[in-house]
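Enquirer: So you can see what is in the structure, the chains are spelled out below.
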Amino acid sequence: MLMPTPDSRVIARRADIATALRRMLPADSVIDAEDARRAYECDALTAYRQSPMLVVLPRSTEEVSLILAYCHGEGIKVVPRGAGTSLSGGALPLADGVLLGLGKFNRILDIDFANRCVTAQPGVTNLAITQAVAGAGFYYAPDPSSQIACSIGGNVAENSGGVHCLKYGLTTNNLLGVEMVLMNGEVVRLGGKHFDSGGYDLMGIVTGSEGLLGVITEVIVRILAKPPHARALLLGFDANETAGACVAAIIADGIIPAGMEMMDRPAIHAAEDFVHAGYPRDVAALLIVELDGTLAEVDELVGKVEAIARQSGAVSVRSSTSEAERARFWAGRKAAFPAVGRISPDYFCMDGTIPRKKLSEVLTRMAEMAARYGLRVANVFHAGDGNLHPLILYDANRPGDLEKAEAFGADILKLCVAVGGVLTGEHGVGVEKRDLMGTMFSDVDLDQQLRLKCAFDPGGLLNPGKVFPVLHRCAEMGRVHIQRGVTRFPELPRF
Amino acid sequence: MGKLIKPRDAKETAEAIAWAAADKVALELIGAGTKRDLGRPVAADHVLDLSALAGVRDYEPAELVLTAGTGTKIAEIESMLTAANQELAFEPPDWGPIWGAEAGEATLGGIIACNLSGPRRIKAGAARDHLLGVAAVSGRGEIFKAGGRVVKNVTGYDLCKLLAGSYGTLAALTEVSVKVLPRPEKLRSVLVFGLNAEKAVAAMAAALNSPNDVSGAAYLPRPIAAVTGVARVVDPGTSVVALRVEGTEASALARNDALRELLGPFGPIEELHGMNSSRFWRGIRDATHFVAGENTIWRISVPPAEGARVALAIADSLEAYFYLDWGGGLIWLSAPERSDGGAKIIHAAIAGCGGHATLIRASAAVREAVPVFEPQAPALAALSRRVKEAFDPLHILNPGRMYADR
Numbered sequence: 001m002l003m004p005t006p007d008s009r010v011i012a013r014r015a016d017i018a019t020a021l022r023r024m025l026p027a028d029s030v031i032d033a034e035d036a037r038r039a040y041e042c043d044a045l046t047a048y049r050q051s052p053m054l055v056v057l058p059r060s061t062e063e064v065s066l067i068l069a070y071c072h073g074e075g076i077k078v079v080p081r082g083a084g085t086s087l088s089g090g091a092l093p094l095a096d097g098v099l100l101g102l103g104k105f106n107r108i109l110d111i112d113f114a115n116r117c118v119t120a121q122p123g124v125t126n127l128a129i130t131q132a133v134a135g136a137g138f139y140y141a142p143d144p145s146s147q148i149a150c151s152i153g154g155n156v157a158e159n160s161g162g163v164h165c166l167k168y169g170l171t172t173n174n175l176l177g178v179e180m181v182l183m184n185g186e187v188v189r190l191g192g193k194h195f196d197s198g199g200y201d202l203m204g205i206v207t208g209s210e211g212l213l214g215v216i217t218e219v220i221v222r223i224l225a226k227p228p229h230a231r232a233l234l235l236g237f238d239a240n241e242t243a244g245a246c247v248a249a250i251i252a253d254g255i256i257p258a259g260m261e262m263m264d265r266p267a268i269h270a271a272e273d274f275v276h277a278g279y280p281r282d283v284a285a286l287l288i289v290e291l292d293g294t295l296a297e298v299d300e301l302v303g304k305v306e307a308i309a310r311q312s313g314a315v316s317v318r319s320s321t322s323e324a325e326r327a328r329f330w331a332g333r334k335a336a337f338p339a340v341g342r343i344s345p346d347y348f349c350m351d352g353t354i355p356r357k358k359l360s361e362v363l364t365r366m367a368e369m370a371a372r373y374g375l376r377v378a379n380v381f382h383a384g385d386g387n388l389h390p391l392i393l394y395d396a397n398r399p400g401d402l403e404k405a406e407a408f409g410a411d412i413l414k415l416c417v418a419v420g421g422v423l424t425g426e427h428g429v430g431v432e433k434r435d436l437m438g439t440m441f442s443d444v445d446l447d448q449q450l451r452l453k454c455a456f457d458p459g460g461l462l463n464p465g466k467v468f469p470v471l472h473r474c475a476e477m478g479r480v481h482i483q484r485g486v487t488r489f490p491e492l493p494r495f
Numbered sequence: 001m002g003k004l005i006k007p008r009d010a011k012e013t014a015e016a017i018a019w020a021a022a023d024k025v026a027l028e029l030i031g032a033g034t035k036r037d038l039g040r041p042v043a044a045d046h047v048l049d050l051s052a053l054a055g056v057r058d059y060e061p062a063e064l065v066l067t068a069g070t071g072t073k074i075a076e077i078e079s080m081l082t083a084a085n086q087e088l089a090f091e092p093p094d095w096g097p098i099w100g101a102e103a104g105e106a107t108l109g110g111i112i113a114c115n116l117s118g119p120r121r122i123k124a125g126a127a128r129d130h131l132l133g134v135a136a137v138s139g140r141g142e143i144f145k146a147g148g149r150v151v152k153n154v155t156g157y158d159l160c161k162l163l164a165g166s167y168g169t170l171a172a173l174t175e176v177s178v179k180v181l182p183r184p185e186k187l188r189s190v191l192v193f194g195l196n197a198e199k200a201v202a203a204m205a206a207a208l209n210s211p212n213d214v215s216g217a218a219y220l221p222r223p224i225a226a227v228t229g230v231a232r233v234v235d236p237g238t239s240v241v242a243l244r245v246e247g248t249e250a251s252a253l254a255r256n257d258a259l260r261e262l263l264g265p266f267g268p269i270e271e272l273h274g275m276n277s278s279r280f281w282r283g284i285r286d287a288t289h290f291v292a293g294e295n296t297i298w299r300i301s302v303p304p305a306e307g308a309r310v311a312l313a314i315a316d317s318l319e320a321y322f323y324l325d326w327g328g329g330l331i332w333l334s335a336p337e338r339s340d341g342g343a344k345i346i347h348a349a350i351a352g353c354g355g356h357a358t359l360i361r362a363s364a365a366v367r368e369a370v371p372v373f374e375p376q377a378p379a380l381a382a383l384s385r386r387v388k389e390a391f392d393p394l395h396i397l398n399p400g401r402m403y404a405d406r
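Line by line, the protein sequences give chains A and B. Residue 272 in my numbering is what sits at position 272 of the first sequence, and the numbering runs on without skipping anything. Residue 342 in my numbering is what sits at position 342 of the second sequence, and the numbering runs on without skipping anything.
Incorrect hints may have been included.
Straight-line C-alpha distance at most 30 Å; calculated DSSO-like pairs for lysine-lysine [unchecked claim]: (1) Lys357(A) / Lys123(B); (2) Lys179(B) / Lys304(A); (3) Lys358(A) / Lys334(A); (4) Lys414(A) / Lys145(B); (5) Lys145(B) / Lys357(A); (6) Lys179(B) / Lys357(A); (7) Lys11(B) / Lys226(A); (8) Lys167(A) / Lys186(B); (9) Lys344(B) / Lys167(A); (10) Lys24(B) / Lys123(B); (11) Lys226(A) / Lys186(B); (12) Lys199(B) / Lys145(B); (13) Lys226(A) / Lys73(B); (14) Lys11(B) / Lys167(A); (15) Lys199(B) / Lys358(A); (16) Lys167(A) / Lys73(B); (17) Lys414(A) / Lys357(A); (18) Lys357(A) / Lys73(B); (19) Lys145(B) / Lys167(A); (20) Lys199(B) / Lys73(B); (21) Lys167(A) / Lys404(A); (22) Lys186(B) / Lys357(A); (23) Lys414(A) / Lys179(B); (24) Lys186(B) / Lys11(B); (25) Lys3(B) / Lys358(A); (26) Lys123(B) / Lys11(B); (27) Lys334(A) / Lys199(B); (28) Lys414(A) / Lys104(A); (29) Lys304(A) / Lys73(B); (30) Lys11(B) / Lys414(A); (31) Lys226(A) / Lys145(B).
Short, incomplete list of chain B residues facing chain A, as computed with Cβ under 8 Å [to be verified]: (32) Ile98; (33) Trp99; (34) Gly104; (35) Ala164.
Simulated from the structure, these hints should not be mistaken for lab results. Ideal Cβ positions, reconstructed from N, Cα and C, are used throughout, including at glycine.
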């Protein structure tokens, strides 16, 4: 993984930069001691590590604005960081960059039931928002598996999803407003407690921009009334193909479940060994289908899904009859990552999305690749929306294993693109998939995205080295070379 | 006299825009042209007509995705979807008649470019939330794509969101992929009669804050209720709050009953079934009740709890009619013509609570003179201008359509 070459002249000024930042912030908000900086050397993609030049921990929008304006003026790179749970290295520090941590932005500012929204600082955890409104019967719908730790600001940066986004959408579909500081220190507010934008949908573009366009300092999200009932089904199949066909049949019947998850045999065994959820060990694939809504609706839909599952050739069909049983069905799925962590020293979690109809083809080819690379792979995925999470098992202490795992992961993602899918469904490009962007986008496509980056950050100082494989100078990108289409254009039909 | 250029595919579209860029002449982008008078008057030399980029390229019901040329008519797409028991869940409105065009002519590209949605916005989102991928031509005459054909995708910037609602000022959309969803089996609307605007918003909030999954929440004051053409709404001779539930039969009926019970304390209750219910919501979606005449029409998005207060303040000052959609979060307003279209009073009324107002119908002179889209703070205006130039550095695509200076 090649990051932009650190600027040794900037690193040489570390002490001066720290002094300048301490004039803007309380002394303990600027961290320059080596051992303290090392705590920030990676996010949840632990394969890549780099100690930042300095760490700053501002408490207010004004402080963020001062820091960014200063770094902008001095040409110093900045890497924003929320809770550091990114699986794609979005918060990987730079040796010549300031790491801007938003951990002190940890307050919920406003709970507004009349407008069904919550205003929170970006460091508030995803789950804390739901907990703050649960007593009144509300919840915040996007629920990434890391929701106990991940921050809402990070959710905006990554456009995080979760198990329930099949029915309730991703972060972008549940976000109403943000306050954001641009790299030049300017503060802009996008959206509010109302719907849609009066001008360009800049909030839409900032969501999922992986910290490259601005630093989020406030977030307004929609909250929803919690469905009164939910039931889950646990469906076992003796082949991945039949499980995939069942997923398609449920959707073809007009049912959009609240969640529809699939696990393959290695993932089932790992999870069952770990949490003893009662999963059948003799099946090749397991589907967990959750239905929510009113009692009448849930019972009706559970009946329909049971029938569809039997027609699709399910070898075991169980429907939850209590909250405890529903939780048990989910326990194995929710513990799938740590369960795999128990059977392998290290694993890479991939994140491609594919058209649902390609599921069995992709699983078959993935098994062939696993044999070729000599690495094991366990699959858990959001089957309803075709978002795969293959877990590649490897041992970082075995020479060559990491490189093999990286190559295997890249092959899986290339396969996803080749069958009509995309590189990443919810984890982001970060550094992990950066060099694969060319498999999905042409140079023209990527240049257009980079020009948008230039509109927000012309100096390329905010989170450089992430998302885009090649960086150009904005002045270069902005030049207009138009090739006049002299030959064919005069023949266009006109009236 | 300007030319009308009608490319047949993306390549010809790119050639046309490259030609315009080389000659530094401006283009007005149109699909069917039904919403040509929505926005500021465009200062263009020629018209780029995208209506020939038509046809559904790929539709896979089991994948919940449809890909079509942007010139494809919404009506054609909807009949195809209906046959597979699916729909565009954001309820693309049919606004042509507002400006004197025929109904049923709107194109998919036009709906996306204006990011429109109907009453189901509160549950299903706007056009932007259903746009999965685009192919487009920038103001540089370059063909680029963004997004994909799958629902879950965070690969690169989400240019789809930006292009939706950019009114053809960033790029010419040539092909789009949209998410489609199952069509609900049953539809019921619960009506509550005789409430004033504040009580109506409270009733809608009670319904929206309940777990009954309401997919439409509107309030029609008496003069508007009287012209809906739906007897059950007209006959009581008073205002009406309407709450829509959709889903499987058992579910819709159960939630209908739950809402009747919840809203009983607010006033007399009725319900609308099937065809009547569809017609009622179509009227709300298309502002059918404001189409006749020459009145100035505004569409104002505010925090829902502020809807009644803001609407009443404006309606009082401008002697305007109004109705509320989105649980109070959307104000449709029809006012007698004025030199500023009422812009000053409207912007002042929403300044306190946040939101934005769009001037939907007014004379070209008024649309030239007052902000059609919400005025922006300086930092945001400067950023928006830089975004425009990232796609259209020479300002040749729909110049002036959204703002006078870009």
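Enquirer: Confirm or reject each hint.
Expert: So, going through the hints one by one against the coordinates:
{"no.": "1", "hint": "Lys357(A) / Lys123(B)", "result": "holds (28 Å)"}
{"no.": "2", "hint": "Lys179(B) / Lys304(A)", "result": "holds (24 Å)"}
{"no.": "3", "hint": "Lys358(A) / Lys334(A)", "result": "holds (25 Å)"}
{"no.": "4", "hint": "Lys414(A) / Lys145(B)", "result": "holds (18 Å)"}
{"no.": "5", "hint": "Lys145(B) / Lys357(A)", "result": "holds (23 Å)"}
{"no.": "6", "hint": "Lys179(B) / Lys357(A)", "result": "holds (16 Å)"}
{"no.": "7", "hint": "Lys11(B) / Lys226(A)", "result": "violated (49 Å)"}
{"no.": "8", "hint": "Lys167(A) / Lys186(B)", "result": "holds (18 Å)"}
{"no.": "9", "hint": "Lys344(B) / Lys167(A)", "result": "violated (41 Å)"}
{"no.": "10", "hint": "Lys24(B) / Lys123(B)", "result": "violated (44 Å)"}
{"no.": "11", "hint": "Lys226(A) / Lys186(B)", "result": "holds (22 Å)"}
{"no.": "12", "hint": "Lys199(B) / Lys145(B)", "result": "violated (47 Å)"}
{"no.": "13", "hint": "Lys226(A) / Lys73(B)", "result": "violated (37 Å)"}
{"no.": "14", "hint": "Lys11(B) / Lys167(A)", "result": "violated (37 Å)"}
{"no.": "15", "hint": "Lys199(B) / Lys358(A)", "result": "violated (52 Å)"}
{"no.": "16", "hint": "Lys167(A) / Lys73(B)", "result": "holds (27 Å)"}
{"no.": "17", "hint": "Lys414(A) / Lys357(A)", "result": "holds (17 Å)"}
{"no.": "18", "hint": "Lys357(A) / Lys73(B)", "result": "holds (28 Å)"}
{"no.": "19", "hint": "Lys145(B) / Lys167(A)", "result": "holds (26 Å)"}
{"no.": "20", "hint": "Lys199(B) / Lys73(B)", "result": "violated (40 Å)"}
{"no.": "21", "hint": "Lys167(A) / Lys404(A)", "result": "violated (36 Å)"}
{"no.": "22", "hint": "Lys186(B) / Lys357(A)", "result": "holds (29 Å)"}
{"no.": "23", "hint": "Lys414(A) / Lys179(B)", "result": "holds (24 Å)"}
{"no.": "24", "hint": "Lys186(B) / Lys11(B)", "result": "violated (44 Å)"}
{"no.": "25", "hint": "Lys3(B) / Lys358(A)", "result": "violated (46 Å)"}
{"no.": "26", "hint": "Lys123(B) / Lys11(B)", "result": "violated (38 Å)"}
{"no.": "27", "hint": "Lys334(A) / Lys199(B)", "result": "violated (44 Å)"}
{"no.": "28", "hint": "Lys414(A) / Lys104(A)", "result": "violated (39 Å)"}
{"no.": "29", "hint": "Lys304(A) / Lys73(B)", "result": "violated (35 Å)"}
{"no.": "30", "hint": "Lys11(B) / Lys414(A)", "result": "holds (27 Å)"}
{"no.": "31", "hint": "Lys226(A) / Lys145(B)", "result": "violated (38 Å)"}
{"no.": "32", "hint": "Ile98", "result": "violated (18 Å)"}
{"no.": "33", "hint": "Trp99", "result": "violated (21 Å)"}
{"no.": "34", "hint": "Gly104", "result": "violated (22 Å)"}
{"no.": "35", "hint": "Ala164", "result": "holds (6 Å)"}
The structure is inconsistent with the numbered hints 7, 9, 10, 12, 13, 14, 15, 20, 21, 24, 25, 26, 27, 28, 29, 31, 32, 33 and 34, although it conforms to all the rest.
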